[in-house]
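Participant: Let the sequences and hints guide you as you build the complete structure.
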Amino acid sequence: MNPPVNHLLLIDDSPADNYIHRRRIAEAALAAKVVVKNNGREALDYLMTPDDTGHRPAPELIFLDINMPVMDGWEFLDHYGRLDAWGPNEPSLFLLTTSVTESDKRRADGIDGLIGYLEKPLTSVQIESVVRRMNPEERA
Amino acid sequence: MSFSVSASFTDRNRRSVNRALWVAGLIVVGLGTLAMINVAVLGTARAAVTRAVATERAVDKLLSALDRAAVVRETVPPAEAIAGLTYEQRRAESALGELSRLYANDPARAATLDTVAHLTADRFTALAGGATAYRSIDYDTLNDRIDRLLNEEQRTVDARRNRVRLLAIGMGVLQAGGFLALLVLLYYVYRRLLPLNRRLAEEVEEKDEIIDRHESTELTRRMMVERLRARNQDLDNFAYIASHDLQEPLRTVRSFIGLLREDHGQDLGGDSLVYFQFINEATERMQRMITSLLRYSQLGRSIERQSVDLSGVIQDVISDLGAQIKASEGSVTAGWLPTIWGLESEMRQLFQNLISNALKFVDPGQKPIVVIDCEATEEGYTVSISDNGIGMDEAALDKIFNMFSRVNKPGAYAGYGIGLTFCRKIVELHGGVLSVQSIPGEGTTFYFTLPFYVIQSEPARKPPPVN
Chain A
2 MNPPVNHLLL IDDSPADNYI HRRRIAEAAL AAKVVVKNNG REALDYLMTP
52 DDTGHRPAPE LIFLDINMPV MDGWEFLDHY GRLDAWGPNE PSLFLLTTSV
102 TESDKRRADG IDGLIGYLEK PLTSVQIESV VRRMNPEERA
Chain B
-3 MSFSVSASFT DRNRRSVNRA LWVAGLIVVG LGTLAMINVA VLGTARAAVT
47 RAVATERAVD KLLSALDRAA VVRETVPPAE AIAGLTYEQR RAESALGELS
97 RLYANDPARA ATLDTVAHLT ADRFTALAGG ATAYRSIDYD TLNDRIDRLL
147 NEEQRTVDAR RNRVRLLAIG MGVLQAGGFL ALLVLLYYVY RRLLPLNRRL
197 AEEVEEKDEI IDRHESTELT RRMMVERLRA RNQDLDNFAY IASHDLQEPL
247 RTVRSFIGLL REDHGQDLGG DSLVYFQFIN EATERMQRMI TSLLRYSQLG
297 RSIERQSVDL SGVIQDVISD LGAQIKASEG SVTAGWLPTI WGLESEMRQL
347 FQNLISNALK FVDPGQKPIV VIDCEATEEG YTVSISDNGI GMDEAALDKI
397 FNMFSRVNKP GAYAGYGIGL TFCRKIVELH GGVLSVQSIP GEGTTFYFTL
447 PFYVIQSEPA RKPPPVN
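Sequence lines, in order, name chains A and B. With this note's numbering applied, the first sequence corresponds to residues 2 to 141, in that order. With this note's numbering applied, the second sequence corresponds to residues -3 to 463, in that order.
Don't take every hint at face value.
Claimed, not checked - The calculated label-pair distances, taken between Cβ atoms and stated as ranges, are:
(1) 108(A) x 449(B): 32 to 40 Å
(2) 252(B) x 73(A): 21 to 29 Å
(3) 59(A) x 231(B): 23 to 31 Å
(4) 80(A) x 316(B): 40 to 48 Å
(5) 361(B) x 107(A): 45 to 53 Å
(6) 212(B) x 42(A): 53 to 61 Å
(7) 212(B) x 107(A): 19 to 27 Å
(8) 278(B) x 80(A): 41 to 49 Å
(9) 249(B) x 42(A): 27 to 35 Å
(10) 73(A) x 431(B): 39 to 47 Å
As the list claims (entries may be wrong) - Listing some non-contacts, in silico: residues in chain A with all C-beta distances to chain B over 10 Å:
(11) 21
(12) 24
(13) 34
(14) 37
(15) 40
(16) 51
(17) 55
(18) 56
(19) 72
(20) 99
(21) 108
As the list claims (entries may be wrong) - Every beta carbon over 12 Å from chain A, so not counted as near; a handful from chain B, in silico:
(22) 11
(23) 50
(24) 73
(25) 76
(26) 97
(27) 110
(28) 148
(29) 201
(30) 208
(31) 217
(32) 258
(33) 323
(34) 416
The hints are simulated quantities; they were obtained by calculation from the structure and are not laboratory data. Computed from a prediction, not measured in an experiment: that's the story for all the values here. From the three backbone atoms N, C-alpha and C, an ideal C-beta is built for every residue, glycine too.
Facilitator: Laid out in structure tokens, this is it:
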């Protein structure tokens, strides 16, 4: 069975979290390819740079952590919003959080392109909900 | 601010000063009256003198008319004498007319005047040569009557003058006495006021010193309050940061313990699954404690205050706890509660915690009865939540508000013991104090105060109790 997602971008600086999340994603067979970037800056560079095929990377799914050095999640979202339109292939963006506070929720609501937030650590249940929400019906 | 100079001292002085001022007032009124009497009397005296002068003039005129008539009669030939006599008679009659006007209201004098008028008329008739009964003796009588008029008038004037003089002397004495008395009184009042004034000045100085002392104490207190407030803020921030940062490594530990168990739990054998169980429970407990600490530190932060109807909040809580109430066959009754200016979600947590506890901590098989009441006090309101549960002894009462403390055997009643610390902080956020009274075996009552400045509504009428 084909994984629902071809390309998943994981933006997080914590090796422990990345290990666990990669494992859970693999167990759920969520994505064929998982790319990990350690902060917002690296992630942006990655997304802006054409790869060997001459196209820019187009992950369908992005998991974004908030607390990262150099450029954190919020700042990344600022720049991400200003990138050229993705067209029909706009990635589904999920926020990874340690604990959801009221202020975080409010901030998240105001951002286009953000589908939702996930509380660490990722569980299989959460991954299932991600798959559901990626469906076009959910997104509308 | 009242001046507490010894009451009797002030009263005594005040009374004597009042009395003195009353007397002075009367004296002034008296002097005024005397002055008015003076003026009136002088007025009548002057009138008398005016009349006397007029009388003299009229009498002179009469006498001169009579004298000149006699001279005319003796020196002028009879043929021309008539004109002169007539002229003098006219003058005499005019004088008599004046006199009669002057004595219009004087019946005694009028009689004398009448005689004078008759005799004068006779005299002129005689001088004109007419036949009359006028004799020389009548001439004396005439003069006598005229003198009498003058003398009586003089006597009247003199009497009046004497009276006035006496009155003036008397009044002068009285007025002098009055002024003297006034001076004495003023001096008396002054003497009375002087020590009072001095005392007051001393008291004012004392009070000023006290005020200064109070102000500096107040300043110190305010500074301390500010420092405490800043400290509390620091502690809250610290608790927030600590608990927030503690969560991450704990989460990592739990995740990898989980992975370890998944990958190698079967391989390890023995009691390793049991070990994993213990580890899991402990880390879970730790997770919850950190979350509680985090939420505690965030209580009441940066949230707008609003009107909160406490009766409504209790309604909602009772409805939310419906299942628990039904399962324990308990009852929750609430009286009227005010509307306050505060944090709605926090007040909900407060009542949820307290009511849920009251329902929970009962003897097995007993039906919990929870009563919520509200009483007005001098400083605001006191809300009470009482139950008929297992109660607590003194040792327990000391500890229940401590974070994470538990006073019952583990497992006897479910819970993590954080609720009452939250409740206390929520009450403090609204300016109140949370306290408890309990009798082991009989029940517990929690009280919290609400200061008047958070109260928004007063009871128009007490609504019926809510069950």
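Participant: All hints, please: hold or fail.
Facilitator: Do the hints match the structure? See the list:
A beta carbon spacing of about 34 Å between residue 108(A) and residue 449(B) agrees with the range 32 to 40 Å that was offered as a hint. Hint check: residue 252(B) to residue 73(A), Cβ distance near 25 Å, so the stated range 21 to 29 Å holds. Hint check: residue 59(A) to residue 231(B), Cβ distance near 49 Å, so the stated range 23 to 31 Å is violated. For the pair residue 80(A) and residue 316(B), the supplied restraint of 40 to 48 Å holds, since their beta-carbon distance comes to about 44 Å.
The supplied range of 45 to 53 Å is met by residue 361(B) and residue 107(A), whose beta-carbon atoms lie about 48 Å from each other. Checked against the given bound of 53 to 61 Å, the beta carbons of residue 212(B) and residue 42(A), roughly 57 Å apart, stay inside it. The hint said 19 to 27 Å for the Cβ distance between residue 212(B) and residue 107(A), and at roughly 46 Å that hint is violated. Between residue 278(B) and residue 80(A) the Cβ separation comes to about 42 Å, which falls inside the hinted range of 41 to 49 Å.
For the pair residue 249(B) and residue 42(A), the supplied restraint of 27 to 35 Å holds, since their beta-carbon distance comes to about 29 Å. Our hint of 39 to 47 Å for residue 73(A) and residue 431(B) holds, since their Cβ atoms are close to 45 Å apart. With a minimum CB-CB distance of about 5 Å to chain B, residue 21(A) fails to clear the 10 Å threshold, and the non-interface call is violated. With a cut of 10 Å on Cβ distances, residue 24(A) falls inside the contact zone with chain B, its closest approach being about 7 Å.
Every CB of chain B is more than 10 Å from the CB of residue 34(A) (nearest about 22 Å), matching its label as outside the interface. Interface exclusion of residue 37(A) from chain B stands, the closest Cβ pair being 17 Å apart, more than 10 Å. Every CB of chain B lies more than 10 Å from the CB of residue 40(A), the least distance being 17 Å, so the non-interface label holds. Every CB of chain B lies more than 10 Å from the CB of residue 51(A), the least distance being 36 Å, so the non-interface label holds.
Annotated as non-interface, residue 55(A) keeps its C-beta farther than 10 Å from every C-beta of chain B; the closest such distance is 39 Å. Residue placement check: residue 56(A) keeps its beta carbon more than 10 Å from all beta carbons of chain B (closest about 36 Å). A cut-off of 10 Å between C-beta atoms confirms that residue 72(A) is not in contact with chain B; the least separation is 19 Å. In this structure residue 99(A) is not separated from chain B by more than 10 Å, as the shortest Cβ-Cβ distance comes to only about 6 Å.
The beta carbon of residue 108(A) is kept farther than 10 Å from every beta carbon of chain B, the shortest such distance being approximately 14 Å. Even its closest Cβ contact with chain A, about 72 Å, leaves residue 11(B) beyond 12 Å, as expected for a residue assigned away from the interface. The beta carbon of residue 50(B) is kept farther than 12 Å from every beta carbon of chain A, the shortest such distance being approximately 115 Å. The Cβ of residue 73(B) lies farther than 12 Å from every Cβ of chain A, with a closest approach of about 148 Å, so its non-interface assignment holds.
Its beta-carbon lying about 143 Å from the closest one in chain A, residue 76(B) satisfies the requirement of being farther than 12 Å from that chain. Non-interface status of residue 97(B) relative to chain A is upheld: no Cβ of that chain comes within 12 Å, the nearest being about 116 Å off. The non-interface label for residue 110(B) is consistent with chain A: the shortest C-beta to C-beta separation is roughly 127 Å, beyond 12 Å. Every beta carbon of chain A lies more than 12 Å from that of residue 148(B), the smallest distance being close to 121 Å; the non-interface claim holds.
With a cut of 12 Å on Cβ distances, residue 201(B) stays outside the contact zone with chain A, its closest approach being about 58 Å. Remark: the non-interface label on residue 208(B) is consistent with the geometry, its nearest Cβ contact in chain A lying 47 Å away (cut-off 12 Å). Listed as outside the interface, residue 217(B) is consistent with that label: its C-beta sits roughly 35 Å from the nearest C-beta of chain A, beyond the 12 Å cut-off. Listed as outside the interface, residue 258(B) is inconsistent with that label: its C-beta sits roughly 9 Å from the nearest C-beta of chain A, within the 12 Å cut-off.
Residue placement check: residue 323(B) keeps its beta carbon more than 12 Å from all beta carbons of chain A (closest about 29 Å). With a cut of 12 Å on Cβ distances, residue 416(B) stays outside the contact zone with chain A, its closest approach being about 23 Å.
In summary, the numbered hints that this structure violates are 3, 7, 11, 12, 20 and 32.
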